[in-house]
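J.: Fit chain B to the given chain A structure using the hints.
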Amino acid sequence: MTNKDWPLWEIFIRSKQGLNHKHVGSLRAADAEMAVENARDVYTRRSEGISIWVIESNNIHASDSSDADMLFEPSNTKVYRHPTFYDVPDGISHM
Amino acid sequence: MTKNEALFNYTLRLGDDSLILGQRLAEWCGHGPILEEDIAITNISLDLIGQATNLLNYAALIENKDRNADNIAFLRLEKEYCNILLVEQLNGDFGDTMMRQFLFDAFRKPLFEMLQFSKDKQLAAIAEKSLKETKYHLKHSSEWIIRLGDGTEESHQRVQNSLTNLWRYTDELFFTDESDTLLGELEIIPDFSKIKEVWSANVTAVFEQATLQIPANNWQFEGGRKGRHSEHMGYLLAELQYMQRAYPNMEW
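Going line by line, the protein sequences match chains A and B.
So the first sequence is residues 1 to 95, counted in our numbering.
So the second sequence is residues 1 to 252, counted in our numbering.
If we strip away everything but chain A, and leave its shape as in the complex, we get (with noise of 0.2 Å):
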C-alpha cells in the first residue's frame, strides 16, 4: 500500500483563543487516528492548537464554482440585508 492509496484528510484546528475550528490544510493518512496524530504533527507543533478535528475530504460537499454567478452574485446588489441603516444606541460597545 502507498501513500497515494491513502485518503485524504481536511484538518481544522481550534487554537487557544478561538471559538471555532478553522481549516488549516489536508494530508494523507491511513485512518481516522493517524490523521489526528498526524494533523497534531504537522499542524501544532508551535503551540497553533488545543484542539484538532479531522474530515476525511470525500465527505466534504462543495458548492459548484462554475455556479458562482446563480449563487452570490444576487446578494452583492442587496444592500439592505446588512443592518447598516440602524443608529446603534450609545452604551452597546460590542456590535
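The hints are simulated quantities; they were obtained by calculation from the structure and are not laboratory data.
The model shown is predicted, which means the values in this text are computed figures rather than measured ones.
Ideal Cβ placement from N, Cα and C applies to all residues, glycine included.
Don't take every hint at face value.
In silico DSS-like links for lysine-lysine, alpha-carbon gap of 25 Å or less [unchecked claim]: (1) K196/B / K16/A; (2) K196/B / K135/B; (3) K16/A / K132/B.
A few chain A residues facing chain B, derived, Cβ under 7 Å [what the hints assert, rightly or not]: (4) L27; (5) N38; (6) D41.
T.: Here is chain B on its own, set in the frame of chain A:
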C-alpha cells in the same frame, strides 16, 4: 559507592539513552516515508535530545568536575557511553525504527511515571516534564506497530522480523547494578521490577492486537550499560562528535 556517584551513573545512563536514540532518529530527517512521518520522527528526536540536555546538565552538576552537558555529550570515548544497545541499533526500515521506538517508549513511560515521585527533586522534575512527551511517543509508536502488524501480509512479515531481531536487546532495559540498588534504597529511583511488570503487560497487549509473536528464543545481548557497544556505535559517534572534534569549543 557514594550516593553522588550512583546518582551520576543513573542520570548519565538515562541521558545517554535519550541522546543516542535522538541522534539515530535524526538520521530520518528528509528520509521519512511520508512528509507527516518525517516531521513526527524528527519531533520525537528533538524531544529526546531535549531530555538528554536536561539529564546531562544534571549529571555535570552532580559530578562537579568542570564538565558541562556539551562536553559530556560530545567529547567522551565510545567506552564511556553507557546507553543500552537497543538505542544504537540501525534505523533499518520504517518497521525496524518503530519497533525499536515502541520497545523503548513502553519502558520510558512507566519509568517517568514512577520517577516523577523521586525523592530527588531535580530527577522528579525532569521525569514530570519528559512524561508528557513520552506518552505521545508511545501512543504514536503503538499505533504504528498495530497497523504494521495487522496490516498487509508484507507489513506483518517485515515488522515481525523487526520484533524478532530487536527482542534480544530488551532485557538490558532493566539492567541494574549497585548504583540502582543504592538509589532504590534511598527511594530516588523506582523499582525496576515494577517497571518491567507494566512494560510486559503493555507490549503483550499491543503485540496481541498487532498479531505479532514474541520470539520463543530468549537469548539476550547486553553490554551497553558497561560501555561495550555494538559495531554501529562508532559510526554514530563519528557523526555526532565530528563538529566538536574538528573545531574544538565551537559554538552555534
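J.: Now look at each hint and say whether the structure bears it out.
T.: Results of checking the hints against the structure:
1. K196/B / K16/A: Not satisfied, since the Cα-Cα distance of roughly 38 Å exceeds 25 Å.
2. K196/B / K135/B: It holds: about 17 Å lies between the C-alpha atoms, which stays within 25 Å.
3. K16/A / K132/B: Holds - the C-alpha atoms of K132/B and K16/A are around 19 Å apart, at most 25 Å.
4. L27: Check passed: Cβ of L27/A comes within 6 Å of chain B, closer than 7 Å.
5. N38: Holds - the Cβ of N38/A comes within 7 Å of chain B, reaching about 4 Å at its closest.
6. D41: Holds. Min distance 4 Å.
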